[in-house]
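Chains as they are written, first to last, in my numbering: chain A, 1 to 508; chain B, 1 to 508; chain C, 1 to 508; chain D, 1 to 508.
To be clear, the hints were calculated from the coordinates, so they are not data collected in a lab.
Careful, some of the hints might be misleading.
No copy labels: a pair is met if it fits in one copy or bridges any two.
To be verified - Pairs of lysine-lysine, DSS-like flavour, derived with a Cα cap of 30 Å:
id, residue 1, residue 2
1, Lys311, Lys246
2, Lys482, Lys246
3, Lys50, Lys246
4, Lys89, Lys186
5, Lys311, Lys89
6, Lys50, Lys186
7, Lys311, Lys186
8, Lys50, Lys311
9, Lys246, Lys186
These are the residues of each chain, in order.
Protein chains: 4
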Amino acid sequence: MSKPLPSPADHAREILARLGVTGLSADGGTAVRTPIDGSTLAHVAFDDAKAIEAKVAGAARAFRSWRCVPAPRRGELVRLLGEELRSAKADLSALVTLEAGKIASEGAGEVQEMIDICDFAVGLSRQLHGLTIASERPGHAMRETWHPLGPVAVISAFNFPVAVWAWNACLALVCGDPVIWKPSEKTPLTALATQALLDRALARFGDEAPAGLSCVVLGGRDAGERLARDPRIPLVSATGSTRMGKALAPVVAERFGRSILELGGNNAMIVTPSADLSLALRAIVFSAAGTAGQRCTSLRRLIVHESVVDKVADAVEAAFARLPAGDPRQDGVLLGPLVDRASYEAFVHALDQARADGAAVTGGERLNETEAPEAFYVRPALARLPAPTAGMARETFAPILYVVPYAEFDDAVAMQNDVPQGLSSCVMTNDVREAEGFLGPWGSDCGIANVNIGPSGAEIGGAFGGEKETGGGRESGSDAWKQYMRRQTATVNYSGALPLAQGVRFDL
Amino acid sequence: MSKPLPSPADHAREILARLGVTGLSADGGTAVRTPIDGSTLAHVAFDDAKAIEAKVAGAARAFRSWRCVPAPRRGELVRLLGEELRSAKADLSALVTLEAGKIASEGAGEVQEMIDICDFAVGLSRQLHGLTIASERPGHAMRETWHPLGPVAVISAFNFPVAVWAWNACLALVCGDPVIWKPSEKTPLTALATQALLDRALARFGDEAPAGLSCVVLGGRDAGERLARDPRIPLVSATGSTRMGKALAPVVAERFGRSILELGGNNAMIVTPSADLSLALRAIVFSAAGTAGQRCTSLRRLIVHESVVDKVADAVEAAFARLPAGDPRQDGVLLGPLVDRASYEAFVHALDQARADGAAVTGGERLNETEAPEAFYVRPALARLPAPTAGMARETFAPILYVVPYAEFDDAVAMQNDVPQGLSSCVMTNDVREAEGFLGPWGSDCGIANVNIGPSGAEIGGAFGGEKETGGGRESGSDAWKQYMRRQTATVNYSGALPLAQGVRFDL
Amino acid sequence: MSKPLPSPADHAREILARLGVTGLSADGGTAVRTPIDGSTLAHVAFDDAKAIEAKVAGAARAFRSWRCVPAPRRGELVRLLGEELRSAKADLSALVTLEAGKIASEGAGEVQEMIDICDFAVGLSRQLHGLTIASERPGHAMRETWHPLGPVAVISAFNFPVAVWAWNACLALVCGDPVIWKPSEKTPLTALATQALLDRALARFGDEAPAGLSCVVLGGRDAGERLARDPRIPLVSATGSTRMGKALAPVVAERFGRSILELGGNNAMIVTPSADLSLALRAIVFSAAGTAGQRCTSLRRLIVHESVVDKVADAVEAAFARLPAGDPRQDGVLLGPLVDRASYEAFVHALDQARADGAAVTGGERLNETEAPEAFYVRPALARLPAPTAGMARETFAPILYVVPYAEFDDAVAMQNDVPQGLSSCVMTNDVREAEGFLGPWGSDCGIANVNIGPSGAEIGGAFGGEKETGGGRESGSDAWKQYMRRQTATVNYSGALPLAQGVRFDL
Amino acid sequence: MSKPLPSPADHAREILARLGVTGLSADGGTAVRTPIDGSTLAHVAFDDAKAIEAKVAGAARAFRSWRCVPAPRRGELVRLLGEELRSAKADLSALVTLEAGKIASEGAGEVQEMIDICDFAVGLSRQLHGLTIASERPGHAMRETWHPLGPVAVISAFNFPVAVWAWNACLALVCGDPVIWKPSEKTPLTALATQALLDRALARFGDEAPAGLSCVVLGGRDAGERLARDPRIPLVSATGSTRMGKALAPVVAERFGRSILELGGNNAMIVTPSADLSLALRAIVFSAAGTAGQRCTSLRRLIVHESVVDKVADAVEAAFARLPAGDPRQDGVLLGPLVDRASYEAFVHALDQARADGAAVTGGERLNETEAPEAFYVRPALARLPAPTAGMARETFAPILYVVPYAEFDDAVAMQNDVPQGLSSCVMTNDVREAEGFLGPWGSDCGIANVNIGPSGAEIGGAFGGEKETGGGRESGSDAWKQYMRRQTATVNYSGALPLAQGVRFDL
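With the hints as extra help, turn the sequences into a complete structure.
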């Protein structure tokens, strides 16, 4: 760490002031720590039951007027938010780095993603298209219209502390829905900062936006469950672990709410003999070690043709070994810290398990322990195995990459699919039949499937999400917006007669 | 009942033989009774756990080959099914009448709906459109493709014993999914008959259709729960009571399966002063008394402007009083039986409650008790109330129509929305502002909203289903087919370079 | 005209300087006159054949690189244009007023429309969706993709001197197409000003945008014809008279180019007995007299039920009589000048014809002739007729409103349709059957059909354009963007086998 | 020719009788000759001006009622047509073989395509979807609806004598449009036979279908021009030569009609080093020699990497040499006759030109001249050239395949694009970058682009047609149906207020 940087706390204080963040509490609240060195950035007060009730009630009230504001006008609010995010991009992304530990370029990329979804949602505000439908009855007109749904709860995780909110909130706002955000308890500051930027946009937007249109609920699991149970919230969009999703989904389902679940990934890459290995190497290292392996789309499993597996594994090992690690604010650093001690312990445990399963493991050392004893920097680990193990079917949210060889392409696809998760997947190949086969009905079973790209780094224009234990939700592009609205099928009879569908007769 | 008709049992036996239905058991099995006179039509054997396991396993196996059959070819199977249904329309609709008690015209309408969805699904087999999407990266192509999902469980109710299966099965088959059908325990015969017709189509279709592509599971609640829990079944489509849905939804959600729920309706009509009252009367009587009030879209609540409420109520009362009741096979009969004694008891109970709540009730008498002591024919009941009651918020699956007056249109809409269910709704008006307001974002909160048509009798081209306790599912037309497929977002890099989305830099 | 305003020439000079407009010529070029008082605003040089050739060649060159820029990145250029338009809104709209004579509010509305289409096009840049299509052959993937088309010529008219360009250019740029703009010879300054704003956006956008991406061709009919004939321009979008379209369309068609034609309208309103007459009056006056009757969507024919025709006509007459006329820059003025003497003469001629046909005409006087002898302000004219005449079937681009009575609604619709043009139409009614009938297959035959709104003032989210002699083109919203792209249907065989479509056998 | 077949005239007579074809004239009319041996199959009477006028007037009348029949009901007519085609498939395809000279399998494939489009159109009859659109004004509802357009003229060519009509007619009928069919003067019998089958469907359909809904106009170029000029025909869909299109398009454009043009193709295949050469060979021979090179999608230009060009050319030469030629009704025959002497002469002329340009030509001999002196069977010709020539840019409707080598893939794509036509194209490659590049924005400029399939043999689910001199039309799948309807953008104001779009103020 060559260049002198301000202390994380000073750095955060300065940004929070510039963004006009309020709601920070004196020392009596919950401490927010930075993964950079484990120091405290600020203190916040968690919401108690009464506070949450007030916020939900406020959102329900806001809904009654927000749904009446025309959608293109609602889009204008999101456009203003986009302007605020553009202005404050440097600050907000630096705060992401401080609170979540991402390197600067990834922090900036995350805010860029917020900006992109704003632009997308503004366009969408005139394209919330339903259908006109030809009726089988003369003098009848059918149509399907999409109407605002109601308050949406967004429960987000530490690793994308602001982008995931933006994916949900920009669509929700344009669709006519208030937003209640419960961020990870590890990243409340970026949430408060984002809300402050939205407040600026709201102030410019004017009176049409009701009080309570957007709020942040700070708290832990308990707060999330409260939202999940609340019948006034027709949609809960939750990002996090499969375990969290398994608990939350039935609670929402029982009250006939909708869920968008973005849960665990356990993402694989297949490298075939025809692949451009230099391209593959770059894709592997970015997707396995980027964000210190803490993306839901991080690469965790590498399935390489036996003819090139050693070559690929050696190259990855070498690249892992020379990745610059350290304070993620520092120029040139590509490898930041794990989020906390629990994460580090899971990493160590998974490596022990891999070794016990016969893996040859390289990397995995703890780094910078002396300089930062309360921070957890690790060298990404490569675990070479002769065949898939049970351990590989579990997701560890840390930079461990398992490598296994394959002989036949169909077997490689079967290995890729043979885990409970179904988020992202990819194949590196120059062969048309392999590429298209991977994307075909008997290919990858994931929600995301790439060719000659790693599993991470989706664009906002496509629907984002996965199958199986990943939870089945889709966010962002395509027609993901439909989940934030209610569909109404209408038939208008302007004929003067009353014919029945399917030719049924019922004459009085 | 003037014309001599065969006994229900003889009538059923004849039809079942003609359709080649197998799987009926000797007297040892479960008796299937007709609501026409309570007599036994046949006996069937319920599936035990082992039998269900074998059927699910067979469907899972069938999926692996059926998903590889091109969709337009899968459509050809559904086209052949449509041909078989056209040929056997008279028989199958008569069997619906025998087993479910519907009048002949409604039985025919139900089979027509099966035929319509076949035609629709055949067209759809070349239109399972995903998207191509412009990527933000040069030399990259994005696309969203819809792939087959896996075996689909269809749990259907007695009142649409075959059409609901067709809505689901025709889409599922075209989408590449095997179908496992658990019909109501009250209507197994029509299910077996439908499967026999599909078997004929399968025989003509040839080898590409695998064994196990479609099966019928006979049983009660237990069998349904078994299917709901099975992780090999990614989609459960269930029609029935809200209580059933409340139990089933969390079970499916916990294993990250998808549900399509079509649960209770509690459907209202608003009659405004500008309405064509003659049209309104016909719409009311058909939708309140048709199928003896046992449609999920039956009209249950009538909200009439105070200036015409008495006139409308008097006319409905008179029409109810003269509705021809009796054996639903009989020409001219418009009013068949309730499905069973429990249904009758619920009817009686609800009327008692209404009276206790201050309603003036007319109708509601039991009919034909002497001729058919084990059948339950009732005169539709009209319950006039000065204002909505708690009892009106509960759905009774029988011909009870509550009438309340309103003064302001907005109040009428609020009354319409003020129940936990959200299936179907309608307004009778000639006023543009009322009509469009009812269909707008602050109008009806139901999945179906009609103008100058009753709440029942949807066409297959629109999406069918409702919000709130109705369960949120959508079947049949529009893009309901997407629920039967899995969505895949793919990006293909053909550029030779590896730019990252959102401009992120990660240079080794 | 109470408030002292700068002279039009000074006013224009100031704005042009502020916007950095270059390309104005010394006195030697063509004079640009303001309809406000007929004075000269500036001089411009028309392009000769050689200059046009260079610009088309430049656009063709620009296409080869612009099509390779990813669409979302192309959207960023349009987003920057939107920012420039927002900044310069006051200036550009004032220039519209000076050059085209529109009142200030309409000038601002026109620039707002440019801004709206920018926002829309930015969203569209990630939604240029083609389709993935299920193939009938195993191991085959079909898809439809939309690719950039090539340089687009935009030929625009004086009355929407900038918005029509924006409708076309924003879509074209996002779709990957360079734009060649030939504005009306009456309004070159607003075109140069708009190009200057785009140049600012281009400078901020950077190197990816090639030289020649957008240019302005100044000239008359001859210049337009040159563009129409040029095989390097696959799409010509032309707004203007039916006569112009009739000449241009075959020229483009013969070389297999595409045309988007937005030609004459002759728009009618039907007023029924149930209409809100106060609403109707406001709609009539704005759409008949706004922009001094010089919108393609201006109201020209009023078809009123005989029971209210006198009342409506009297009210319109009174409103026309008191409309504040004068310098359109002036606060409170609602009625600006006709564009030039030819326009005034056509107005006079049409009124003479109407009188000869038996019309009772009120209004139609020339105003302010003394103060502004070279400007042409007129009082809107109302021509009452007992039945439609041949003269009513011709469009006069000036504020003449013909009124005829009707007895039966179907006759009113027939009158509405019985002209050669088919742009916009409307009905004022509160009757559902009339409203929906007007919008149904046997109702209005126009591209635009409104209920309880006048014929003018479309939103950018819908497709804009009309049928019959209006030319059939559609611009702006819905899927109008597809015209700016070429469609490609692709099938990829990844099966290793070569099955033929439709089961054809051809075995060597 | 080993197996004894009936004489073509006897064979045709038998089929025409079985299909109930009427309208054949005695010897006084125009003789219809078979390309099989040049003998006369039957005589027909061409329509004179008066007869055509009556048919167009009848279609215009039919439109007024057909547009009121609900679309799903219109679909039922097309479903019945599909049933008739299935029943008569053998007869109609044999007649195609007799009249157009196609081999039996291709005749059957053509009728299968008719059947496929019937199924597709039936599904479409409930999916003629417009849009509902969110308005920017409160209390306003926008929508886009597609309405019936009017009579459609279909001008078809000899080489697909019935399928092209079906592509157009099935969509047109479902869309609410009557159809006027002018088949090629070379193939009137298949047209009359198809009309006879439609008449059977109409008889079963019943009274809702008006007289004049479908008619056949027999005649030559003159008859086609008459239809092109007729203002009662809003859409002319014409298949044929570029020369024909160039004459017809301006005539339709001048009256503001729409054209769908399917004109010349000059289709190429690129064979890259990674291609599966055995697959390529089969694709080449079928697409170059199938239908004796008389498909608009026939392969005419082969662009082969220099490393394999000799190998590929030698293999094609050998395959051409052994293709079984003769009476196309005969089992095993793959090569039928050219359609007539003019076609043969063009073939000879193009080969002379190729030789003059330096081509090494093999094949091209006339076959069976002795047995069938009035028929024109030829051996497909292969013309090897070192580089593209001007002659290769012209389409000769006969089996000539030009072969040129390439060194760089980009050059191959440039050669592929460097002709005035733009119908179909393909690349044989196993390289992902080449395959996707070919399908990308800087790849093939054709309407159809395939990978590892020849250029011919499209499926009906995609849009069919091409760019540049191919005419730009699209038929069959995707949203081609929109051309057969008129689009209406409607806004309904139900608010009681009258806000203007873009915030314009105009207060009286």
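Outcome of the hint check:
Proximity of lysine 311 to lysine 246 under the C-alpha cut-off of 30 Å is found in neither arrangement, the shortest distances being 40 Å within a copy and 55 Å between copies. Taking the shortest alpha-carbon separations for lysine 482 and lysine 246, both the intra-copy value of 23 Å and the inter-copy value of 23 Å come in at or below 30 Å. Both within a single protomer and between protomers do lysine 50 and lysine 246 lie at most 30 Å apart by alpha-carbon distance, with minima of 26 Å and 28 Å respectively. Within a single copy, lysine 89 and lysine 186 get their C-alpha atoms as close as 21 Å, which meets the 30 Å cut-off; across copies the closest is 45 Å, which misses it.
Proximity of lysine 311 to lysine 89 under the C-alpha cut-off of 30 Å is found in neither arrangement, the shortest distances being 41 Å within a copy and 60 Å between copies. For a Cα distance limit of 30 Å, the shortest separation of lysine 50 from lysine 186 inside one copy, 22 Å, qualifies, whereas the shortest one across copies, 49 Å, does not. Taking the shortest alpha-carbon separations for lysine 311 and lysine 186, neither the intra-copy value of 39 Å nor the inter-copy value of 65 Å comes in at or below 30 Å. In the homo-oligomer, the alpha carbons of lysine 50 and lysine 311 never lie at most 30 Å apart, since the shortest distance is 59 Å inside one protomer and 50 Å across protomers.
Taking the shortest Cα distances, lysine 246 and lysine 186 sit within 30 Å of each other inside one copy (21 Å), while across copies they are farther apart (34 Å).
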